[in-house]
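Undergrad: If you want the building blocks of each chain, they are given just below.
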Amino acid sequence: MTPNSDLHAATAGIWRDNLALVQLLGLCPLLAVTTSLVNGLALGLATLIVVVLSSTAVSLLRSMLVPGIRVPLFLLLIAAIVTCVDLLTNAVLDELHEALGLFIPLIVTNCGLIAQAETVASRRPVWFALLSAVSTGLGFLAVLTLLGALREILGSGTLFAGIENLAGLGSTWLTVDVPLRGALVAILPPGAFFGMALLLALRNRLMERGAASAPTSTVTAVDTSR
Amino acid sequence: MAKLEGSLIGTVAVAAALTLAAGYAVHATYDWSRDRIAANDRARLVARLNSVLDPSLRGRDLMTTRITVADATLTDDGAPIDVFVLTENGAPAATVFATVAPHGYNAAINLLVGISPRSAVTGTRTVRHRETTGLGDAIDISKSGWITQFDGKTLRDPEVLLWAVDKDDGAFDSITGATVTSRAVVTAVKDTLLYFEQHSSEIYAAAAAAVTDDTADDPE
Numbered sequence: 586m587t588p589n590s591d592l593h594a595a596t597a598g599i600w601r602d603n604l605a606l607v608q609l610l611g612l613c614p615l616l617a618v619t620t621s622l623v624n625g626l627a628l629g630l631a632t633l634i635v636v637v638l639s640s641t642a643v644s645l646l647r648s649m650l651v652p653g654i655r656v657p658l659f660l661l662l663i664a665a666i667v668t669c670v671d672l673l674t675n676a677v678l679d680e681l682h683e684a685l686g687l688f689i690p691l692i693v694t695n696c697g698l699i700a701q702a703e704t705v706a707s708r709r710p711v712w713f714a715l716l717s718a719v720s721t722g723l724g725f726l727a728v729l730t731l732l733g734a735l736r737e738i739l740g741s742g743t744l745f746a747g748i749e750n751l752a753g754l755g756s757t758w759l760t761v762d763v764p765l766r767g768a769l770v771a772i773l774p775p776g777a778f779f780g781m782a783l784l785l786a787l788r789n790r791l792m793e794r795g796a797a798s799a800p801t802s803t804v805t806a807v808d809t810s811r
Numbered sequence: 278m279a280k281l282e283g284s285l286i287g288t289v290a291v292a293a294a295l296t297l298a299a300g301y302a303v304h305a306t307y308d309w310s311r312d313r314i315a316a317n318d319r320a321r322l323v324a325r326l327n328s329v330l331d332p333s334l335r336g337r338d339l340m341t342t343r344i345t346v347a348d349a350t351l352t353d354d355g356a357p358i359d360v361f362v363l364t365e366n367g368a369p370a371a372t373v374f375a376t377v378a379p380h381g382y383n384a385a386i387n388l389l390v391g392i393s394p395r396s397a398v399t400g401t402r403t404v405r406h407r408e409t410t411g412l413g414d415a416i417d418i419s420k421s422g423w424i425t426q427f428d429g430k431t432l433r434d435p436e437v438l439l440w441a442v443d444k445d446d447g448a449f450d451s452i453t454g455a456t457v458t459s460r461a462v463v464t465a466v467k468d469t470l471l472y473f474e475q476h477s478s479e480i481y482a483a484a485a486a487a488v489t490d491d492t493a494d495d496p497e
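Order-wise, the sequence lines are chains A and B. For the first sequence, this note's numbering assigns the number 586 to the initial residue and increments by one for each residue that follows. For the second sequence, this note's numbering assigns the number 278 to the initial residue and increments by one for each residue that follows.
Isolated chain A (complex conformation) (with noise of 0.2 Å):
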C-alpha cells in the first residue's frame, strides 16, 4: 500500500467508515446519553481519550496477543484503561468527572471499541492505530454531538444547556433558548431512535448522492449485540 492510501485507511473513521452511522456500533451508549449536545459532547470526550488509549495499548502489545484469547485480553485491556481513567478523573478533573461520570463507566458497553482493537489496532503499527482510533474517535464525537444538539433543540428549546459543567462558570453564554419548544419525545428514549434513523437517512442520500463520481462500499449491518 502506498503511503496515501494508508493515511486514507487511518481517517476513514471520521466519514466513510463512521463508527455510528456506517458501523452502527455503539448505539447503546449513544442512544441513551445524548438528551443534550453537552451530554453527547461529554461522552464523545471520554470515549475518544480511552479509544485512543486502548488502540495505542493494543497496537503495542499486538505481537503478544494470541490469536485464540485475543477477545478476551482486548476486554481486559479496555475494562483496565477505562477504569484507570475513571480513577484518575474522579482524583484529578473533580468537576469534569462530575459531568462525565455517568458516561465513562459506560465506555465499556461500546462494542466499537472491541471492533477498532479487533479490525485495526492489533494489524497495524502504532502510528496508524493511533491516527486510526483519533479519526474514529471524531468520528462518534461529532455524531454524538449533532444527534445531541438535533435532541436538545426539538426536545427542550435549548442548546448548549449545562456547558458550564464542562468549560467552568465562564462558558455560560454559550446556552441558548431556541424559540421551538413543545416535541418532548425528541428527549425521550423513542426520539434518540428517530433521531439516529434521521442522520443515518440524511448520510445515506449524501452518499448516494456522491455515487455517481465514485463507487460506493456497501453498507452491511453488523450485529450490535455484540
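If you are wondering where the hints come from, they were derived from the structure by calculation, not from laboratory data. Yeah, the Cβ is synthetic: ideal placement off N, Cα and C, and Gly gets one too. Take these hints with a grain of salt, some might be off.
What the hints assert, rightly or not - Reference listing, derived: stretches of chain A covered by chain B, where coverage requires no fewer than 3 residues with Cβ under 8 Å from a Cβ of chain B:
{"id": "1", "segment": "640-652"}
{"id": "2", "segment": "736-750"}
To be verified - A short, non-exhaustive set of chain B residues, derived as facing chain A with CB atoms under 7 Å:
{"id": "3", "residue": "THR288"}
{"id": "4", "residue": "ALA290"}
{"id": "5", "residue": "VAL291"}
{"id": "6", "residue": "TYR301"}
{"id": "7", "residue": "VAL303"}
{"id": "8", "residue": "ARG313"}
{"id": "9", "residue": "ILE314"}
{"id": "10", "residue": "ASN317"}
{"id": "11", "residue": "GLY411"}
Claimed, not checked - Derived DEER-like restraints, expressed as beta-carbon distance ranges:
{"id": "12", "chain 1": "A", "residue 1": "VAL677", "chain 2": "B", "residue 2": "ASN383", "range": "30 to 36 Å"}
{"id": "13", "chain 1": "A", "residue 1": "LEU783", "chain 2": "B", "residue 2": "GLY300", "range": "26 to 32 Å"}
{"id": "14", "chain 1": "A", "residue 1": "PRO774", "chain 2": "B", "residue 2": "ARG405", "range": "19 to 25 Å"}
{"id": "15", "chain 1": "A", "residue 1": "PRO775", "chain 2": "B", "residue 2": "ALA482", "range": "49 to 55 Å"}
{"id": "16", "chain 1": "B", "residue 1": "ALA292", "chain 2": "A", "residue 2": "ALA617", "range": "43 to 49 Å"}
Given chain A, work out where chain B should sit, using these hints.
TA: For chain B alone, kept in the frame of chain A given last:
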C-alpha cells in the same frame, strides 16, 4: 504435541502476564487516587451541605457531625439515613437530613433537607434521582427552581394538613406532568420536618455523643 503444549503454555503465560499487569495498573491508580478522591468527595459534601443552609451560615466555620438515624416514617423500609448536625460554639446551628423520598416515579429520590433549630426548612436539594427527563427532572435545581419553594416553610406555615401538592388541595405547586414526583418530594420534606420536631433533642444528643466518643474522626 510439543508444539501444542508450547502454544498452550504461551497462551496461558500471555494471559497471566497481561492480567497481572492490568491488575497492577488499576491497583496503582487506585492507590494514587484514593486520598484525592476522598478529599474531592469531602469538598463536594461540604458544598452540598452549604447549599441547603441558611445564607447567613454559609462559609462559616461550622463543626459538622454525622450521625445516622433509622425510622420507618423517613424511609419506607426503615433504612438508616445520614443526618449532619452543624454546630457553632457548641450550639446547634443547623441540621441537614440526607433523606430519601421512596415513592419517586422511577425510583427513590435522594434529597438534602436543611432545617434550622426553629424547625424551618432552610433549603432543599435533589442529590440523586431517576425521574423522567423533561418532566420529573424539574426537581433538580439545574433544571428549575421548583425545589426552592420549601425555603422558610415550617409545619405551621403552611399547616401540616396543607403539606401536599396543589392537585391534592395542598399548598405546594406540583410540576406539570410529574404529579407523582412532586408528591413524593413534598411528602419526604414533610416527613423529615415531622421527624425533626419529634426527635431534635435526641439528634443533638447523639451528635454531641459522637463528638466526644470519636474526636479523632475526621469531621466533615
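Undergrad: Now tell me if each hint is right for this structure.
TA: Hint check:
Only residues whose C-beta sits within less than 8 Å of a C-beta in chain B count toward coverage, and the segment 640-652 of chain A has 4 of them, enough to reach three; the restraint holds. Under a criterion of three residues with beta carbons nearer than 8 Å to beta carbons of chain B, the stated coverage of the segment 736-750 of chain A is upheld, 3 such residues being counted. Using the Cβ-Cβ criterion of 7 Å, the hint placing THR288/B at the interface with chain A is satisfied: the shortest such distance is roughly 5 Å. At its closest, the beta carbon of ALA290/B sits 9 Å from a beta carbon of chain A; the interface hint therefore is violated under the 7 Å criterion.
About 5 Å separates the beta-carbon of VAL291/B from the nearest beta-carbon of chain A, less than 7 Å, and the hint is met. About 10 Å separates the beta-carbon of TYR301/B from the nearest beta-carbon of chain A, more than 7 Å, and the hint is not met. Of the supplied interface hints, the one on VAL303/B holds, with its beta-carbon coming within about 5 Å of a beta-carbon of chain A, less than 7 Å. At a threshold of 7 Å, the smallest CB-CB gap from ARG313/B to chain A is about 4 Å, leaving the interface hint in force.
Interface restraint check: ILE314/B against chain A, minimum CB-CB distance 5 Å, threshold 7 Å, status holds. With 7 Å as the threshold, the beta carbon of ASN317/B comes within range of chain A, its nearest partner Cβ sitting at about 4 Å, so the hint holds. With its C-beta approaching chain A no nearer than about 5 Å, GLY411/B sits inside the 7 Å limit, and its interface hint holds. Under the hint 30 to 36 Å, the C-beta atoms of VAL677/A and ASN383/B, about 33 Å apart, fit the expected range.
Remark: the range hint 26 to 32 Å for LEU783/A to GLY300/B is contradicted by a beta-carbon distance near 44 Å. Here the CB-CB span from PRO774/A to ARG405/B is close to 20 Å, well matched to the stated 19 to 25 Å. At about 53 Å, the CB distance of PRO775/A to ALA482/B agrees with the hint of 49 to 55 Å. With their beta carbons about 32 Å apart, ALA292/B and ALA617/A fall outside the hinted range of 43 to 49 Å.
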